[in-house]
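**Q** Protein chains in written order, with the working numbering: chain C, 1 to 116; chain F, 1 to 108.
Treat the hints with care, since some could be wrong.
[Unchecked claim] Simulated pairs of lysine to aspartate or glutamate, EDC-like, Cα-Cα distance not exceeding 16 Å:
1. 57(C) x 94(F)
2. 76(F) x 92(F)
3. 9(C) x 41(F)
4. 57(C) x 92(F)
5. 9(C) x 75(C)
To be clear, the hints were calculated from the coordinates, so they are not data collected in a lab.
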Amino acid sequence: DSGVTQTPKHLITATGQRVTLRCSPRSGDLSVYWYQQSLDQGLQFLIQYYNGEERAKGNILERFSAQQFPDLHSELNLSSLELGDSALYFCASSASGGALSTDTQYFGPGTRLTVL
Amino acid sequence: GQNIDQPTEMTATEGAIVQINCTYQTSGFNGLFWYQQHAGEAPTFLSYNVLDGLEEKGRFSSFLSRSKGYSYLLLKELQMKDSASYLCAVREADKLIFGTGTRLQVFP
């Protein structure tokens, strides 16, 4: 158990809908990262927040957005869903957000999103 | 540009030793990580290298050569539970760039 929690574990929805995925980082970690992993694909970095502020952006679609709240939990919002958005969405957290090279990301169990 | 290459699949026998290679070309380098990921589960941290050389951690070791843009993960005394994907990831500034992973199958 990494200490990172994600809800829900599974989500099934229809095209065109909007969903929200939630992540709570490990105790003491200030940085949260979101990744997408499609079937047989590598982990694609979406976005990073550090202490409430957006720190880095990867291949995140405009239909997707995220935020980090004062209690450091984060939410990833996916809207106008398409079939191709079906994937595992992982959240990871780290202590310093990459400021130290030793900063290690610890991953949550993921949310499996299925768009029908 | 960014490029991280790993073999797609490898097979090995229980009790044997296997080496999974990773080559990378990135615009910056601030450390290399190896993660293990069982199908449908979260990646779990295995090892970290930022300086050249070998880091040993029980049955797992990881090696880095920054001048060659090369790393390997060495798994000794393979067990069936080691069947998983192994992900090489390079830190570039604040971001971790992941390779597509190597799927290792261990046979009895």
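**Q** Evaluate each hint against the coordinates.
**A** So, going through the hints one by one against the coordinates:
1. 57(C) x 94(F): Answer holds: residue 57(C) to residue 94(F) is near 10 Å, not above 16 Å.
2. 76(F) x 92(F): 29 Å, violated
3. 9(C) x 41(F): Distance ~11 Å between residue 9(C) and residue 41(F) Cα, so the pair holds.
4. 57(C) x 92(F): Holds, at roughly 13 Å.
5. 9(C) x 75(C): 14 Å, holds
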